[in-house]
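Chemist: If you use mature numbering (1 follows the signal peptide of the UniProt record, and there is no 0), the sequence shown corresponds to residues -24 to -1, 1 to 564, in order.
There's no promise every hint is true.
Only pairs whose alpha carbons sit at most 25 Å apart, straight line, appear in this in silico SDA-like list of lysine to any residue [stated by the list, open to error]:
{"hint": "1", "residue 1": "Lys321", "residue 2": "Phe276"}
{"hint": "2", "residue 1": "Lys231", "residue 2": "Thr197"}
{"hint": "3", "residue 1": "Lys555", "residue 2": "His450"}
{"hint": "4", "residue 1": "Lys183", "residue 2": "Ser490"}
{"hint": "5", "residue 1": "Lys545", "residue 2": "Ser490"}
{"hint": "6", "residue 1": "Lys83", "residue 2": "His165"}
{"hint": "7", "residue 1": "Lys314", "residue 2": "Ala461"}
{"hint": "8", "residue 1": "Lys125", "residue 2": "Met156"}
{"hint": "9", "residue 1": "Lys125", "residue 2": "Asp8"}
Honestly, the hints are just simulated from the structure, not real lab data.
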Amino acid sequence: MNNVKPPWKLILLTGMLCLSMAFAQPGLSELDEQIEQCQSLEDDHPERAISLAEQWLNTISQISDPVSYGRFLSCQGWAYAVLEQGDMAKAVAYQLERLSARLNDSKASVNLLRRAGSIFHRTGNRIGAADNYQAALEKAHQLSLNDEKIPLLVNLGVLNSEIREHDSAIGHYYAALRLMDQLDDFRYHAPVLFNLAVTLSGQKRFKEALEIYHQAEALITEQWPQQRIGQVYMGLATAYGALGQLTQAGEYISKTHDTLPVDNQQTVFAYTVKVFQALVSSRQGVTDGLSELADEAAAFYLRPENEAALTTADSPLNTLSDLYESLNMPQQALDVSKVAQRLEKRFQDSFNKRVMAQMQARLRDIEQQNELAELKTRNTQTEMALAESAHKRSLILLLAIALGLVLVVSWLWHLRSKRQLVRQSMLDTLTRMSNRRGMMSWLKIQHMPKEPQKRMLWLIDIDHFKTINDEYGHEAGDTTLVQVANCLAGLLNDQRFLARWAGEEFLLVTQDISRSDAGGFADLLLEQVSAMQVRHGLQRFNVTVSVGVSIIKDDSMVMWNRALSQADKALFVAKDRGKNCMSMATDF
(Lines of atoms letter the chains of each structure in order from A and count residues from 1; the text may use other names and numbers.)
(Lines give C-alpha, C1' and ligand atoms only; values in the text may rest on other atoms or scores of the structure.)
Protein backbone atom coordinates (compact mmCIF):
# COMPACT_ATOMS: atom_id res chain seq x y z
CA MET A 1 0.00 0.00 0.00
CA ASN A 2 1.79 3.17 -1.20
CA ASN A 3 -0.57 5.68 0.36
CA VAL A 4 -3.49 5.73 2.74
CA LYS A 5 -6.00 8.33 1.64
CA PRO A 6 -7.82 9.91 4.55
CA PRO A 7 -11.49 8.93 4.82
CA TRP A 8 -13.19 12.32 4.71
CA LYS A 9 -16.20 12.62 7.01
CA LEU A 10 -18.73 15.44 7.05
CA ILE A 11 -17.12 18.43 8.76
CA LEU A 12 -19.28 21.31 10.04
CA LEU A 13 -18.50 24.51 8.17
CA THR A 14 -16.75 26.95 10.48
CA GLY A 15 -17.90 30.55 10.53
CA MET A 16 -20.95 32.22 9.09
CA LEU A 17 -21.67 32.17 5.34
CA CYS A 18 -20.92 35.65 4.06
CA LEU A 19 -22.80 37.60 1.45
CA SER A 20 -20.91 38.95 -1.51
CA MET A 21 -22.09 42.04 -3.39
CA ALA A 22 -24.11 40.04 -5.89
CA PHE A 23 -23.96 36.38 -4.98
CA ALA A 24 -24.66 34.47 -1.77
CA GLN A 25 -22.41 31.59 -0.64
CA PRO A 26 -23.92 28.13 -1.42
CA GLY A 27 -25.61 26.13 1.33
CA LEU A 28 -23.84 23.60 3.57
CA SER A 29 -25.37 20.49 2.02
CA GLU A 30 -24.56 21.58 -1.53
CA LEU A 31 -20.92 22.19 -0.58
CA ASP A 32 -20.60 18.78 1.05
CA GLU A 33 -22.07 17.08 -2.02
CA GLN A 34 -19.61 18.89 -4.30
CA ILE A 35 -16.67 18.03 -2.05
CA GLU A 36 -17.65 14.35 -2.03
CA GLN A 37 -18.03 14.42 -5.82
CA CYS A 38 -14.55 15.97 -6.18
CA GLN A 39 -13.04 13.27 -3.95
CA SER A 40 -14.79 10.53 -5.93
CA LEU A 41 -13.15 11.85 -9.13
CA GLU A 42 -9.61 12.58 -7.90
CA ASP A 43 -8.13 9.10 -8.53
CA ASP A 44 -9.88 7.88 -11.69
CA HIS A 45 -10.70 11.22 -13.33
CA PRO A 46 -8.19 13.70 -11.91
CA GLU A 47 -8.65 16.31 -14.67
CA ARG A 48 -12.35 16.58 -13.85
CA ALA A 49 -11.56 16.80 -10.13
CA ILE A 50 -9.16 19.70 -10.76
CA SER A 51 -11.74 21.55 -12.84
CA LEU A 52 -14.47 21.09 -10.22
CA ALA A 53 -12.15 22.17 -7.40
CA GLU A 54 -11.06 25.32 -9.26
CA GLN A 55 -14.71 26.25 -9.83
CA TRP A 56 -15.50 26.16 -6.12
CA LEU A 57 -12.19 27.65 -4.96
CA ASN A 58 -13.09 30.75 -6.98
CA THR A 59 -16.46 30.90 -5.19
CA ILE A 60 -15.66 30.08 -1.55
CA SER A 61 -14.05 32.61 0.77
CA GLN A 62 -10.84 31.30 2.31
CA ILE A 63 -11.30 33.74 5.17
CA SER A 64 -14.89 32.95 6.15
CA ASP A 65 -14.97 29.25 5.26
CA PRO A 66 -11.39 27.88 5.52
CA VAL A 67 -12.52 24.28 6.14
CA SER A 68 -14.45 23.86 2.88
CA TYR A 69 -11.76 25.78 1.04
CA GLY A 70 -9.13 23.40 2.42
CA ARG A 71 -11.10 20.30 1.44
CA PHE A 72 -11.48 21.45 -2.17
CA LEU A 73 -7.81 22.47 -2.18
CA SER A 74 -6.72 19.03 -0.95
CA CYS A 75 -8.82 17.36 -3.65
CA GLN A 76 -7.14 19.51 -6.27
CA GLY A 77 -3.65 18.79 -4.88
CA TRP A 78 -4.17 15.02 -4.84
CA ALA A 79 -5.45 15.10 -8.43
CA TYR A 80 -2.31 16.99 -9.49
CA ALA A 81 -0.21 14.32 -7.73
CA VAL A 82 -2.10 11.53 -9.54
CA LEU A 83 -1.31 13.28 -12.85
CA GLU A 84 2.37 13.47 -11.75
CA GLN A 85 2.30 17.28 -11.95
CA GLY A 86 4.72 17.50 -9.05
CA ASP A 87 5.26 21.28 -8.89
CA MET A 88 1.53 22.03 -8.89
CA ALA A 89 0.88 19.32 -6.26
CA LYS A 90 3.72 20.61 -4.08
CA ALA A 91 2.42 24.18 -4.24
CA VAL A 92 -1.01 22.99 -3.05
CA ALA A 93 0.59 20.98 -0.22
CA TYR A 94 2.33 24.11 1.06
CA GLN A 95 -0.97 25.98 0.90
CA LEU A 96 -2.56 23.23 3.00
CA GLU A 97 0.22 23.53 5.58
CA ARG A 98 -0.37 27.28 5.93
CA LEU A 99 -4.15 26.87 6.03
CA SER A 100 -3.83 24.19 8.72
CA ALA A 101 -1.79 26.58 10.86
CA ARG A 102 -4.61 29.15 10.61
CA LEU A 103 -7.15 26.59 11.88
CA ASN A 104 -5.09 26.11 15.07
CA ASP A 105 -5.87 22.96 17.07
CA SER A 106 -8.84 21.30 15.40
CA LYS A 107 -9.87 18.14 13.64
CA ALA A 108 -9.92 20.04 10.35
CA SER A 109 -6.30 21.11 10.94
CA VAL A 110 -5.28 17.47 11.47
CA ASN A 111 -7.03 16.41 8.26
CA LEU A 112 -5.36 19.12 6.19
CA LEU A 113 -1.91 18.21 7.54
CA ARG A 114 -2.51 14.56 6.76
CA ARG A 115 -3.67 15.45 3.26
CA ALA A 116 -0.56 17.59 2.71
CA GLY A 117 1.59 14.66 3.85
CA SER A 118 -0.23 12.31 1.46
CA ILE A 119 0.38 14.66 -1.47
CA PHE A 120 4.09 14.97 -0.62
CA HIS A 121 4.23 11.16 -0.24
CA ARG A 122 2.57 10.55 -3.60
CA THR A 123 5.04 12.89 -5.34
CA GLY A 124 8.06 11.18 -3.72
CA ASN A 125 8.94 13.92 -1.22
CA ARG A 126 9.39 11.73 1.87
CA ILE A 127 10.80 14.58 3.98
CA GLY A 128 7.68 16.69 3.49
CA ALA A 129 5.47 13.65 4.01
CA ALA A 130 7.14 12.67 7.28
CA ASP A 131 6.99 16.23 8.64
CA ASN A 132 3.27 16.54 7.98
CA TYR A 133 2.29 13.03 9.11
CA GLN A 134 4.20 13.48 12.37
CA ALA A 135 2.77 16.95 12.99
CA ALA A 136 -0.76 15.67 12.32
CA LEU A 137 -0.23 12.67 14.62
CA GLU A 138 1.02 14.87 17.47
CA LYS A 139 -1.91 17.24 17.03
CA ALA A 140 -4.41 14.34 16.92
CA HIS A 141 -2.87 12.98 20.14
CA GLN A 142 -3.16 16.36 21.85
CA LEU A 143 -6.82 16.63 20.82
CA SER A 144 -7.57 12.95 21.71
CA LEU A 145 -8.71 12.33 18.11
CA ASN A 146 -7.95 8.60 18.25
CA ASP A 147 -9.94 7.73 15.10
CA GLU A 148 -7.81 10.20 13.13
CA LYS A 149 -4.60 8.60 14.46
CA ILE A 150 -5.24 5.25 12.74
CA PRO A 151 -4.66 6.35 9.11
CA LEU A 152 -1.73 8.51 10.21
CA LEU A 153 -0.06 5.52 11.88
CA VAL A 154 -0.62 3.54 8.68
CA ASN A 155 0.87 6.37 6.58
CA LEU A 156 3.95 6.47 8.81
CA GLY A 157 4.26 2.67 8.69
CA VAL A 158 4.29 2.67 4.89
CA LEU A 159 6.75 5.56 4.79
CA ASN A 160 9.15 3.87 7.23
CA SER A 161 8.92 0.60 5.26
CA GLU A 162 9.94 2.44 2.09
CA ILE A 163 13.06 3.89 3.72
CA ARG A 164 14.06 0.55 5.32
CA GLU A 165 13.22 1.72 8.88
CA HIS A 166 11.48 -1.60 9.47
CA ASP A 167 11.35 -1.54 13.28
CA SER A 168 9.61 1.85 13.23
CA ALA A 169 7.21 0.63 10.55
CA ILE A 170 6.30 -2.45 12.56
CA GLY A 171 5.70 -0.32 15.66
CA HIS A 172 3.36 1.99 13.74
CA TYR A 173 1.38 -0.92 12.28
CA TYR A 174 0.92 -2.60 15.66
CA ALA A 175 -0.14 0.73 17.20
CA ALA A 176 -2.74 1.12 14.44
CA LEU A 177 -4.08 -2.40 15.07
CA ARG A 178 -4.41 -1.71 18.79
CA LEU A 179 -6.36 1.47 18.09
CA MET A 180 -8.64 -0.41 15.70
CA ASP A 181 -9.48 -2.90 18.45
CA GLN A 182 -10.10 -0.13 20.98
CA LEU A 183 -12.34 1.89 18.66
CA ASP A 184 -13.93 -1.05 16.82
CA ASP A 185 -12.90 0.70 13.60
CA PHE A 186 -11.55 -1.77 11.03
CA ARG A 187 -11.61 0.27 7.83
CA TYR A 188 -7.86 -0.20 7.34
CA HIS A 189 -7.64 -3.69 8.86
CA ALA A 190 -6.74 -5.73 5.76
CA PRO A 191 -4.08 -3.39 4.28
CA VAL A 192 -2.44 -2.88 7.69
CA LEU A 193 -2.24 -6.64 8.31
CA PHE A 194 -0.79 -7.22 4.87
CA ASN A 195 1.86 -4.49 5.15
CA LEU A 196 2.77 -5.61 8.68
CA ALA A 197 3.18 -9.22 7.56
CA VAL A 198 5.35 -8.18 4.59
CA THR A 199 7.59 -6.08 6.85
CA LEU A 200 7.91 -8.84 9.48
CA SER A 201 8.78 -11.36 6.77
CA GLY A 202 11.43 -9.00 5.36
CA GLN A 203 12.93 -8.89 8.86
CA LYS A 204 13.03 -12.73 9.00
CA ARG A 205 10.41 -12.77 11.80
CA PHE A 206 8.55 -15.53 10.02
CA LYS A 207 6.54 -16.92 12.94
CA GLU A 208 4.99 -13.51 13.61
CA ALA A 209 4.52 -12.91 9.90
CA LEU A 210 2.75 -16.26 9.48
CA GLU A 211 0.18 -15.40 12.15
CA ILE A 212 -0.49 -11.96 10.62
CA TYR A 213 -0.75 -13.37 7.09
CA HIS A 214 -3.36 -15.87 8.29
CA GLN A 215 -5.35 -13.00 9.82
CA ALA A 216 -5.21 -11.21 6.46
CA GLU A 217 -6.21 -14.42 4.67
CA ALA A 218 -9.33 -14.67 6.82
CA LEU A 219 -10.44 -11.26 5.49
CA ILE A 220 -10.22 -12.21 1.79
CA THR A 221 -13.48 -11.67 -0.10
CA GLU A 222 -14.55 -11.94 -3.72
CA GLN A 223 -14.09 -8.20 -4.06
CA TRP A 224 -10.33 -8.43 -3.44
CA PRO A 225 -8.12 -8.02 -6.56
CA GLN A 226 -6.53 -11.30 -7.60
CA GLN A 227 -3.10 -9.68 -7.40
CA ARG A 228 -3.53 -8.80 -3.72
CA ILE A 229 -4.91 -12.30 -2.94
CA GLY A 230 -1.88 -13.78 -4.68
CA GLN A 231 0.45 -11.58 -2.60
CA VAL A 232 -1.14 -12.84 0.64
CA TYR A 233 -0.82 -16.48 -0.47
CA MET A 234 2.76 -15.85 -1.58
CA GLY A 235 3.55 -14.37 1.83
CA LEU A 236 2.13 -17.46 3.52
CA ALA A 237 4.12 -19.75 1.25
CA THR A 238 7.33 -17.82 1.95
CA ALA A 239 6.81 -17.89 5.71
CA TYR A 240 6.04 -21.62 5.77
CA GLY A 241 9.05 -22.30 3.54
CA ALA A 242 11.36 -20.29 5.78
CA LEU A 243 10.10 -22.28 8.78
CA GLY A 244 10.83 -25.56 6.97
CA GLN A 245 7.14 -26.55 6.61
CA LEU A 246 7.39 -27.47 2.95
CA THR A 247 4.01 -29.19 2.58
CA GLN A 248 2.13 -26.07 3.66
CA ALA A 249 4.47 -23.92 1.58
CA GLY A 250 3.69 -26.03 -1.48
CA GLU A 251 -0.06 -25.74 -0.90
CA TYR A 252 0.04 -21.95 -0.68
CA ILE A 253 2.38 -21.53 -3.62
CA SER A 254 -0.11 -23.53 -5.69
CA LYS A 255 -2.88 -21.19 -4.54
CA THR A 256 -0.68 -18.25 -5.50
CA HIS A 257 -0.10 -19.71 -8.95
CA ASP A 258 -3.87 -19.97 -9.48
CA THR A 259 -4.21 -16.19 -9.01
CA LEU A 260 -1.75 -15.34 -11.81
CA PRO A 261 -3.24 -14.04 -15.07
CA VAL A 262 -3.22 -16.84 -17.62
CA ASP A 263 -2.42 -14.45 -20.46
CA ASN A 264 0.48 -12.66 -18.75
CA GLN A 265 3.12 -14.83 -17.10
CA GLN A 266 5.96 -12.43 -17.98
CA THR A 267 6.01 -10.43 -14.74
CA VAL A 268 8.49 -10.30 -11.86
CA PHE A 269 5.82 -11.56 -9.45
CA ALA A 270 4.91 -14.47 -11.75
CA TYR A 271 8.56 -15.54 -11.99
CA THR A 272 8.98 -15.12 -8.25
CA VAL A 273 6.10 -17.56 -7.76
CA LYS A 274 7.62 -20.04 -10.21
CA VAL A 275 11.08 -19.81 -8.63
CA PHE A 276 9.74 -20.31 -5.12
CA GLN A 277 7.62 -23.25 -6.32
CA ALA A 278 10.78 -24.73 -7.84
CA LEU A 279 12.69 -24.15 -4.59
CA VAL A 280 10.04 -26.05 -2.61
CA SER A 281 10.13 -28.91 -5.15
CA SER A 282 13.93 -29.02 -5.01
CA ARG A 283 13.94 -29.26 -1.23
CA GLN A 284 11.44 -32.10 -1.53
CA GLY A 285 13.83 -33.96 -3.85
CA VAL A 286 12.24 -33.14 -7.23
CA THR A 287 14.80 -31.39 -9.47
CA ASP A 288 13.91 -32.28 -13.09
CA GLY A 289 13.83 -29.16 -15.28
CA LEU A 290 14.46 -26.79 -12.39
CA SER A 291 17.88 -25.60 -13.54
CA GLU A 292 16.39 -24.53 -16.88
CA LEU A 293 13.64 -22.64 -15.04
CA ALA A 294 16.23 -20.95 -12.81
CA ASP A 295 18.25 -19.83 -15.86
CA GLU A 296 15.07 -18.55 -17.53
CA ALA A 297 14.13 -16.56 -14.40
CA ALA A 298 17.65 -15.14 -14.10
CA ALA A 299 17.56 -13.92 -17.69
CA PHE A 300 14.15 -12.30 -17.12
CA TYR A 301 15.10 -10.66 -13.80
CA LEU A 302 18.23 -9.12 -15.26
CA ARG A 303 16.41 -7.23 -17.98
CA PRO A 304 16.96 -3.48 -17.43
CA GLU A 305 13.23 -2.75 -17.22
CA ASN A 306 12.87 -5.15 -14.26
CA GLU A 307 15.63 -3.68 -12.10
CA ALA A 308 13.34 -1.44 -10.01
CA ALA A 309 11.23 -4.44 -8.95
CA LEU A 310 14.35 -6.20 -7.62
CA THR A 311 15.39 -3.46 -5.15
CA THR A 312 13.06 -4.54 -2.37
CA ALA A 313 13.81 -5.41 1.25
CA ASP A 314 13.65 -9.10 0.28
CA SER A 315 14.68 -9.19 -3.38
CA PRO A 316 13.37 -12.01 -5.64
CA LEU A 317 17.02 -12.58 -6.50
CA ASN A 318 17.58 -14.00 -3.01
CA THR A 319 15.02 -16.74 -3.66
CA LEU A 320 16.65 -17.46 -7.03
CA SER A 321 20.05 -17.71 -5.33
CA ASP A 322 18.59 -20.17 -2.80
CA LEU A 323 17.21 -22.24 -5.71
CA TYR A 324 20.61 -22.42 -7.42
CA GLU A 325 22.23 -23.42 -4.13
CA SER A 326 19.57 -26.08 -3.59
CA LEU A 327 20.36 -27.42 -7.08
CA ASN A 328 24.08 -27.61 -6.18
CA MET A 329 24.98 -24.78 -8.59
CA PRO A 330 27.14 -22.65 -6.23
CA GLN A 331 28.68 -20.38 -8.87
CA GLN A 332 25.29 -19.35 -10.23
CA ALA A 333 24.01 -18.86 -6.68
CA LEU A 334 26.98 -16.63 -5.87
CA ASP A 335 26.59 -14.61 -9.09
CA VAL A 336 22.89 -13.95 -8.43
CA SER A 337 23.57 -13.07 -4.79
CA LYS A 338 26.22 -10.55 -5.84
CA VAL A 339 23.78 -8.93 -8.29
CA ALA A 340 21.23 -8.59 -5.45
CA GLN A 341 23.85 -7.01 -3.20
CA ARG A 342 24.96 -4.64 -5.94
CA LEU A 343 21.38 -3.52 -6.62
CA GLU A 344 20.72 -3.00 -2.90
CA LYS A 345 23.90 -0.91 -2.56
CA ARG A 346 22.91 1.14 -5.59
CA PHE A 347 19.46 1.67 -4.08
CA GLN A 348 20.91 2.78 -0.73
CA ASP A 349 23.37 5.18 -2.39
CA SER A 350 20.64 6.62 -4.61
CA PHE A 351 18.19 6.80 -1.70
CA ASN A 352 20.64 8.73 0.50
CA LYS A 353 21.23 11.22 -2.31
CA ARG A 354 17.49 11.62 -2.92
CA VAL A 355 16.80 12.18 0.78
CA MET A 356 19.47 14.88 1.00
CA ALA A 357 18.19 16.50 -2.19
CA GLN A 358 14.62 16.45 -0.84
CA MET A 359 15.79 17.94 2.46
CA GLN A 360 17.63 20.75 0.69
CA ALA A 361 14.69 21.34 -1.66
CA ARG A 362 12.27 21.52 1.26
CA LEU A 363 14.50 24.06 3.03
CA ARG A 364 14.62 26.12 -0.17
CA ASP A 365 10.86 25.86 -0.60
CA ILE A 366 10.26 26.91 3.01
CA GLU A 367 12.61 29.85 2.50
CA GLN A 368 10.79 30.86 -0.69
CA GLN A 369 7.42 30.53 1.01
CA ASN A 370 8.66 32.66 3.90
CA GLU A 371 10.00 35.26 1.50
CA LEU A 372 6.70 35.30 -0.40
CA ALA A 373 4.73 35.65 2.84
CA GLU A 374 7.09 38.41 3.95
CA LEU A 375 6.62 40.25 0.65
CA LYS A 376 2.83 40.05 0.92
CA THR A 377 2.99 41.28 4.50
CA ARG A 378 5.25 44.17 3.47
CA ASN A 379 2.94 45.19 0.62
CA THR A 380 -0.07 45.11 2.93
CA GLN A 381 1.72 47.05 5.61
CA THR A 382 2.77 49.82 3.21
CA GLU A 383 -0.92 50.59 2.71
CA MET A 384 -1.47 51.12 6.43
CA ALA A 385 -1.20 54.45 8.24
CA LEU A 386 2.16 56.22 8.24
CA ALA A 387 2.11 56.12 12.00
CA GLU A 388 2.73 52.37 11.87
CA SER A 389 5.73 52.53 9.52
CA ALA A 390 8.32 52.38 12.30
CA HIS A 391 6.60 49.34 13.76
CA LYS A 392 6.51 47.67 10.36
CA ARG A 393 10.24 48.16 9.82
CA SER A 394 10.98 46.66 13.23
CA LEU A 395 8.76 43.68 12.48
CA ILE A 396 10.45 43.07 9.15
CA LEU A 397 13.85 43.26 10.82
CA LEU A 398 12.81 40.73 13.44
CA LEU A 399 11.46 38.43 10.75
CA ALA A 400 14.72 38.71 8.81
CA ILE A 401 16.74 37.89 11.94
CA ALA A 402 14.47 34.92 12.69
CA LEU A 403 14.79 33.71 9.12
CA GLY A 404 18.55 34.09 9.31
CA LEU A 405 18.66 32.05 12.51
CA VAL A 406 16.51 29.38 10.90
CA LEU A 407 18.84 29.21 7.89
CA VAL A 408 21.95 29.07 10.09
CA VAL A 409 20.47 26.32 12.27
CA SER A 410 19.31 24.45 9.14
CA TRP A 411 22.76 24.75 7.61
CA LEU A 412 24.46 23.48 10.78
CA TRP A 413 21.96 20.63 11.02
CA HIS A 414 22.57 19.79 7.38
CA LEU A 415 26.35 19.61 7.96
CA ARG A 416 25.86 17.45 11.04
CA SER A 417 23.47 15.15 9.19
CA LYS A 418 25.87 14.87 6.27
CA ARG A 419 28.75 13.86 8.57
CA GLN A 420 26.53 11.29 10.27
CA LEU A 421 25.44 9.89 6.89
CA VAL A 422 29.08 9.58 5.78
CA ARG A 423 29.99 7.74 9.00
CA GLN A 424 26.96 5.46 8.81
CA SER A 425 27.56 4.73 5.12
CA MET A 426 30.93 3.16 6.05
CA LEU A 427 29.51 0.78 8.67
CA ASP A 428 27.71 -2.52 8.31
CA THR A 429 24.42 -2.11 10.18
CA LEU A 430 24.45 -5.63 11.71
CA THR A 431 28.04 -6.22 12.83
CA ARG A 432 29.00 -2.50 13.21
CA MET A 433 32.19 -3.39 11.36
CA SER A 434 33.28 -1.43 8.32
CA ASN A 435 31.67 -2.18 4.97
CA ARG A 436 33.11 -2.03 1.46
CA ARG A 437 33.09 1.76 1.43
CA GLY A 438 34.98 1.82 4.73
CA MET A 439 37.56 -0.61 3.34
CA MET A 440 38.18 1.52 0.23
CA SER A 441 38.46 4.65 2.37
CA TRP A 442 41.12 3.00 4.58
CA LEU A 443 43.11 1.80 1.58
CA LYS A 444 43.24 5.35 0.13
CA ILE A 445 45.29 6.61 3.09
CA GLN A 446 47.62 3.60 3.37
CA HIS A 447 51.06 3.26 1.79
CA MET A 448 52.24 -0.04 0.34
CA PRO A 449 54.31 -1.96 2.96
CA LYS A 450 58.03 -2.37 2.67
CA GLU A 451 59.61 -5.78 2.05
CA PRO A 452 59.45 -8.42 3.37
CA GLN A 453 55.92 -7.48 4.43
CA LYS A 454 53.20 -7.79 1.79
CA ARG A 455 49.75 -6.30 1.37
CA MET A 456 47.58 -9.41 1.55
CA LEU A 457 43.90 -9.89 0.93
CA TRP A 458 42.16 -12.54 3.09
CA LEU A 459 38.62 -13.46 1.96
CA ILE A 460 36.94 -15.23 4.91
CA ASP A 461 33.66 -17.16 4.56
CA ILE A 462 31.69 -18.80 7.41
CA ASP A 463 31.26 -22.51 6.73
CA HIS A 464 27.77 -24.04 6.61
CA PHE A 465 26.13 -20.69 7.27
CA LYS A 466 22.91 -21.68 5.53
CA THR A 467 22.69 -24.75 7.79
CA ILE A 468 22.98 -22.48 10.84
CA ASN A 469 20.09 -20.36 9.55
CA ASP A 470 17.99 -23.43 8.79
CA GLU A 471 18.65 -25.26 12.08
CA TYR A 472 18.77 -22.41 14.56
CA GLY A 473 16.94 -19.59 12.78
CA HIS A 474 18.03 -16.43 10.99
CA GLU A 475 18.40 -14.53 14.25
CA ALA A 476 20.99 -17.10 15.30
CA GLY A 477 22.64 -16.53 11.92
CA ASP A 478 22.82 -12.80 12.67
CA THR A 479 24.32 -13.57 16.11
CA THR A 480 26.91 -15.79 14.41
CA LEU A 481 27.93 -12.98 12.05
CA VAL A 482 28.33 -10.54 14.94
CA GLN A 483 30.37 -12.93 17.11
CA VAL A 484 32.63 -14.04 14.23
CA ALA A 485 33.20 -10.37 13.38
CA ASN A 486 34.16 -9.65 16.99
CA CYS A 487 36.50 -12.64 17.03
CA LEU A 488 38.26 -11.51 13.84
CA ALA A 489 38.50 -7.98 15.22
CA GLY A 490 40.73 -9.35 17.95
CA LEU A 491 43.39 -9.99 15.30
CA LEU A 492 43.55 -6.36 14.15
CA ASN A 493 46.21 -3.70 14.60
CA ASP A 494 46.98 -0.42 12.82
CA GLN A 495 48.33 -2.34 9.81
CA ARG A 496 45.24 -4.53 9.39
CA PHE A 497 41.67 -3.68 8.39
CA LEU A 498 38.53 -5.81 8.55
CA ALA A 499 35.23 -5.29 6.66
CA ARG A 500 32.05 -7.27 6.19
CA TRP A 501 32.13 -7.89 2.47
CA ALA A 502 28.88 -9.69 1.56
CA GLY A 503 26.49 -12.02 3.36
CA GLU A 504 28.63 -14.32 5.47
CA GLU A 505 31.91 -13.09 3.89
CA PHE A 506 34.49 -10.89 5.62
CA LEU A 507 37.48 -9.23 3.98
CA LEU A 508 40.75 -8.71 5.88
CA VAL A 509 43.64 -6.69 4.46
CA THR A 510 47.02 -7.02 6.23
CA GLN A 511 50.22 -5.04 5.61
CA ASP A 512 52.50 -6.45 8.32
CA ILE A 513 52.71 -10.13 7.31
CA SER A 514 55.29 -11.66 4.98
CA ARG A 515 54.85 -14.65 2.68
CA SER A 516 56.62 -16.89 5.14
CA ASP A 517 54.39 -15.80 8.05
CA ALA A 518 51.10 -16.16 6.15
CA GLY A 519 50.62 -19.80 7.06
CA GLY A 520 51.12 -19.18 10.76
CA PHE A 521 48.72 -16.26 10.77
CA ALA A 522 46.12 -18.37 8.92
CA ASP A 523 46.45 -21.13 11.51
CA LEU A 524 45.94 -18.60 14.30
CA LEU A 525 42.86 -17.17 12.58
CA LEU A 526 41.29 -20.58 11.99
CA GLU A 527 42.10 -21.73 15.51
CA GLN A 528 40.55 -18.70 17.21
CA VAL A 529 37.33 -18.90 15.19
CA SER A 530 36.89 -22.64 15.66
CA ALA A 531 37.57 -22.31 19.41
CA MET A 532 34.88 -19.64 19.80
CA GLN A 533 31.44 -20.86 20.91
CA VAL A 534 28.46 -18.99 19.46
CA ARG A 535 25.85 -18.21 22.11
CA HIS A 536 22.30 -17.43 21.03
CA GLY A 537 19.74 -17.69 23.79
CA LEU A 538 20.00 -21.23 25.12
CA GLN A 539 21.70 -22.46 21.95
CA ARG A 540 25.44 -23.17 21.85
CA PHE A 541 27.37 -24.22 18.76
CA ASN A 542 30.79 -23.86 17.11
CA VAL A 543 31.59 -22.55 13.66
CA THR A 544 34.53 -22.65 11.29
CA VAL A 545 35.61 -20.51 8.38
CA SER A 546 37.35 -21.04 5.05
CA VAL A 547 39.93 -18.54 3.81
CA GLY A 548 41.21 -17.56 0.37
CA VAL A 549 44.42 -15.46 0.29
CA SER A 550 46.02 -13.36 -2.46
CA ILE A 551 48.64 -10.62 -2.67
CA ILE A 552 47.89 -7.01 -3.69
CA LYS A 553 50.99 -5.91 -5.57
CA ASP A 554 50.25 -2.19 -6.07
CA ASP A 555 47.69 0.56 -5.32
CA SER A 556 45.75 0.36 -8.60
CA MET A 557 42.11 -0.68 -8.84
CA VAL A 558 43.07 -3.16 -11.55
CA MET A 559 45.36 -4.93 -9.11
CA TRP A 560 42.74 -4.73 -6.35
CA ASN A 561 40.10 -6.38 -8.54
CA ARG A 562 42.59 -9.01 -9.66
CA ALA A 563 43.58 -9.82 -6.07
CA LEU A 564 39.93 -10.00 -5.06
CA SER A 565 39.16 -12.40 -7.91
CA GLN A 566 42.15 -14.59 -7.03
CA ALA A 567 41.16 -14.70 -3.36
CA ASP A 568 37.62 -15.66 -4.38
CA LYS A 569 38.96 -18.57 -6.45
CA ALA A 570 41.24 -19.62 -3.61
CA LEU A 571 38.27 -19.55 -1.26
CA PHE A 572 36.41 -22.01 -3.47
CA VAL A 573 39.48 -24.28 -3.36
CA ALA A 574 39.42 -24.12 0.45
CA LYS A 575 35.73 -25.03 0.43
CA ASP A 576 36.41 -27.99 -1.88
CA ARG A 577 39.17 -29.22 0.45
CA GLY A 578 36.65 -29.69 3.20
CA LYS A 579 36.40 -26.20 4.71
CA ASN A 580 38.08 -24.94 7.93
CA CYS A 581 41.28 -24.31 6.04
CA MET A 582 43.18 -21.68 4.06
CA SER A 583 44.08 -21.74 0.39
CA MET A 584 46.52 -19.36 -1.28
CA ALA A 585 46.10 -17.96 -4.79
CA THR A 586 48.09 -19.70 -7.50
CA ASP A 587 50.53 -16.78 -7.98
CA PHE A 588 51.03 -16.33 -4.20
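Chemist: Against each hint, give a clear statement of whether it holds in the structure.
Modeler: Here is what the structure says about each hint:
no.	hint	verdict
1	Lys321 x Phe276	holds, 21 Å
2	Lys231 x Thr197	holds, 15 Å
3	Lys555 x His450	holds, 22 Å
4	Lys183 x Ser490	violated, 50 Å
5	Lys545 x Ser490	holds, 21 Å
6	Lys83 x His165	holds, 22 Å
7	Lys314 x Ala461	holds, 20 Å
8	Lys125 x Met156	holds, 10 Å
9	Lys125 x Asp8	holds, 23 Å
This entry does not satisfy hint 4, going by the numbered hints stated previously; all others are met.
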